[in-house]
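Using the sequences and the hints, build the whole thing.
As you go down the protein sequences, you meet chains A and B in turn.
Take the first sequence: its position 11, counted from the start at 1, is 11 in the working numbering, and no numbers get skipped.
For the working numbering, count along the second sequence from 1 and bump the result up by 294.
I should point out that these hints are in silico values taken from the structure, not numbers from a laboratory.
Some hints here could point you the wrong way.
Restraint ranges, calculated between C-beta atoms of paired labels, are given here [claimed, not checked]: (1) B:G337 to A:G153: 41 to 49 Å; (2) A:R158 to B:C345: 26 to 34 Å; (3) A:L130 to B:H570: 35 to 43 Å; (4) A:E289 to B:C345: 29 to 37 Å; (5) B:G337 to A:P42: 42 to 50 Å; (6) B:P346 to A:G136: 26 to 34 Å; (7) B:S452 to A:K157: 28 to 36 Å; (8) A:E290 to B:K325: 57 to 65 Å; (9) B:P346 to A:R158: 24 to 32 Å; (10) B:K325 to A:G133: 38 to 46 Å; (11) B:S452 to A:P42: 56 to 64 Å; (12) A:L23 to B:E502: 51 to 59 Å.
Quick list of in silico lysine to aspartate or glutamate cross-link-like pairs, DMTMM-like style, CA-CA up to 25 Å [unchecked claim]: (13) B:K437 to A:E142; (14) A:K181 to B:E379; (15) B:K437 to A:D134; (16) B:K533 to A:D134; (17) B:K386 to A:D173.
Glycine included, C-beta positions come from ideal geometry on N, C-alpha and C.
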Amino acid sequence: MVAFSSSLDQGGPCARTVLDAALLHEVIAGHDPLDSTSIDAPVPPVVEAARNGDVKGMRVGVVKQFRGEGYQAGVLQRFDESVELLKELGAEVVEVDCPSFDLALAAYYLIAPSECSSNLARFDAMRYGLRVGDDGTKSAEEVTALTREAGFGPEVKRRVMLGTYALSSGYYDAYYGSAQKVRTLITRDFEKAFEQVDVLVSPTTPTTAFAIGERADDPMAMYLADLCTIPTNLAGNAAMSLPCGLAPEDGLPVGLQIIAPAMKDDRLYKVGAAVEAAFTERWGHPLLEEAPSL
Amino acid sequence: MTVTELVSYEDALATYEPVMGLEVHVELGTKTKMFCGCATELGAEPNSQTCPTCLGLPGSLPVVNGTAVESAVKIGLALNCEIAEWCRFARKNYFYPDMPKNFQTSQYDEPIAFNGYLDVQLEDGEVFRVEIERAHMEEDTGKSTHVGGATGRIHGASHSLLDYNRAGIPLIEIVTKPIVGAGERAPEVAKAYVAELRELIKALGVSEARMEMGQMRCDVNLSLRPNGTEKFGTRSETKNVNSLRSVERACRFEIQRHAAVLSSGGTIVQETRHFHEEDGSTTSGRIKEEAEDYRYFPEPDLVPVAPSREWVEELRGTLPELPRVRRNRLREEWGVSEHDMQSILNAGAVDLIVATIEAGADAASARKWWMGELSRRANEDGVDLASLPIAPEQVARVCALVAEGSLNDKLARQVIEGVLAGEGAPDEVVEKRGLKVVSDEGALGTAVDEAIAANAAIADKIRGGKVAAAGALVGAVMKATRGQADAARVRELILEKLGVEG
Ligand SMILES: [Zn+2]
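Have a look at this one:
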């Protein structure tokens, strides 16, 4: 895995069913002695959880901050149906307040570019990869600059520049430093929430998927797509996204996000498997079977 | 570049007070690198001791070397520092081809050790306390070799070669607080500090700290302020001053240069300077037009280092006797003056003499050989005393042969010579060269008889009571035995045979 933003990068399984994801999860999870940041603790029983989907008696939190302006009506409709489904399946649903989540996007877009600017510095044309302009007349610095100019796309360059700026002396405290403080506040919001509930749920994204390149000229609109997944990423919790239907207005899939405390990944699979089974029964088939018509 | 006329050292000190800051990098002697398992041996084929991590390949991650952390804590403790209960690594970001990731994993505002001091002893025995700001862990960079230019510098080179064997070797950077109050002795204090630090590092066993091998490198920061004022002047940073003598010379030169600039109404530019061994001068490197911005931030690929108090105390318990304390103890045990002890230290002979004594020699003889004959040889050959091809045990054996009367001084010197020439251990050299003192009374008696017969006139004088004339006959016998006789015994035999009382 090539590092983009080390403190946010996280590998995870992606599969057709909750059980498949759990099976893959069990294989790839666990301590890696070559990665000091990987937790040295037993992997939670995710496969067992995926085989025994059940939400009866579970306390499920709906985060107040994950709706409102910018959320597509069809996304909220499918999400609300999912919450109703959870109640029908026996979960106890409560609303939780996580006020610091409103700052998450800003914090994320300082931390991620900062770390990205440093991580991508190694692509300098010296040891491997693309090398541009090495005609024997240019200095190493010039070759590095030409190569990076040619090799990185506009979004990467934007992030490298943002990050370089945010880490600069005189700006560090205001940007990277403040973002790290926000990160702590968000972690505390999660801790408080998990005192009341076992898992949190939200839409995975505020809108359905946008077309490739559609928001290329409007980075802010593009970044807003990450609004619901970023708090979890910043706090280092476990989270899962699974389809909960198609948005009526555009027929595109809507994701349901389930969030659990770190090292409680099994809760995701327990809830995920229950929701998946109930929806499949309701629709008469897995949502994926509608894929060719999308 | 403009050449500045220097003012004399005395004139400089009459007006200004030097303020110094010393930054010393020590390469730790760990078997593996700071963040990967690569070997650290010097002199290997270029790029043969590298892996994805120390080459900064995408997807690789660092893992902290526990022994390096232990060494850092030991150094911190020996420097009377506080040891952080919790600290992190930080990335120091800048582009340079010899740095694989284009950031150096270092420590920034959370060093592992801070707030200490090192007492250093000057040549006359005066003790000066140098306060330590911090000691932190970091990794070394690779090595660039610029080819095709005249000077080995990048300017004028046609291309450069990169060797990443050194990239990732653990370094400890030790930074002093501003050293004030040393006055005219500032250069001497700087040298004594680096010398003391080197001894300390060696005594801790965490590095061989050989400056000529680049295992210990010193940056000298220096500024002047008018005598009696508080505010520090602008400093220059003389980089890579890599011998004790150079540290002293660089300080001295910068004091004279700063004084010249300031006295003529000029201002000191904050800049890096290069030191030149040939003439002891420094020249301008790059000018720091704007302070370099390393964009430090906590290293997200590593977890914090949190040395437990129990472990720190355990390590404190393993610290060896401090070099200065040990030196003073040895000085008393050997019964030598402060000045002689300093010479022994400067010659790098302390450990050799100790080892020779441990191998059975008496202190005076051990000292005599290392500081006399062997020092002379080392000087002639331009090598360290320790790298002479003779072991302390061998010197001790020569001492023993002298003590038991098998060798006299002259023969002992020849044995030493033989050992140095690679002829084998002392006993082998004695054997091969036939250097034993002639103690065979029969052979000696014959030689004496022959000398008396050949020098009848002198023999008569002796018989007549002129005992002092015996010297000439002793000389003749010594010549005949090629110096292998015990002169005192020869004299006894001569007097005996001539029937004279000695
Ligand atoms: Zn390596």
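Hints versus structure:
About 44 Å separates the C-beta atoms of G337 of chain B and G153 of chain A, a value consistent with the hinted range of 41 to 49 Å. A hinted range of 26 to 34 Å holds for the C-beta pair R158 of chain A and C345 of chain B, which are about 33 Å apart. Between L130 of chain A and H570 of chain B the beta carbon distance is about 40 Å. The supplied range of 35 to 43 Å therefore holds. For E289 of chain A paired with C345 of chain B, a C-beta distance near 47 Å fails the hint of 29 to 37 Å.
The hint said 42 to 50 Å for the Cβ distance between G337 of chain B and P42 of chain A, and at roughly 46 Å that hint holds. In this structure the supplied range 26 to 34 Å holds for P346 of chain B paired with G136 of chain A, their Cβ-Cβ distance being about 29 Å. For the pair S452 of chain B and K157 of chain A, the beta carbons lie near 32 Å from each other, so the given range of 28 to 36 Å is met. A hinted range of 57 to 65 Å for the beta carbons of E290 of chain A and K325 of chain B is consistent with their spacing of about 60 Å.
For P346 of chain B paired with R158 of chain A, a C-beta distance near 28 Å keeps the hint of 24 to 32 Å intact. Roughly 41 Å separates the CB atoms of K325 of chain B and G133 of chain A, a value that falls within the hinted 38 to 46 Å. The hint said 56 to 64 Å for the Cβ distance between S452 of chain B and P42 of chain A, and at roughly 58 Å that hint holds. Range check, L23 of chain A to E502 of chain B: Cβ separation about 53 Å, and the 51 to 59 Å hint holds.
Among the hinted pairs, K437 of chain B with E142 of chain A is consistent with the structure: their alpha-carbon atoms are about 20 Å apart, no more than 25 Å. Our distance criterion of 25 Å between C-alpha atoms is met by K181 of chain A and E379 of chain B, whose separation comes to about 21 Å. Only pairs whose Cα atoms come within 25 Å are accepted, and K437 of chain B paired with D134 of chain A is accepted, the gap being roughly 21 Å. Only pairs whose Cα atoms come within 25 Å are accepted, and K533 of chain B paired with D134 of chain A is rejected, the gap being roughly 31 Å.
Using a Cα cut-off of 25 Å, the hinted pair K386 of chain B and D173 of chain A holds, with the two alpha carbons roughly 16 Å apart.
The structure is inconsistent with the numbered hints 4, 16, although it conforms to all the rest.
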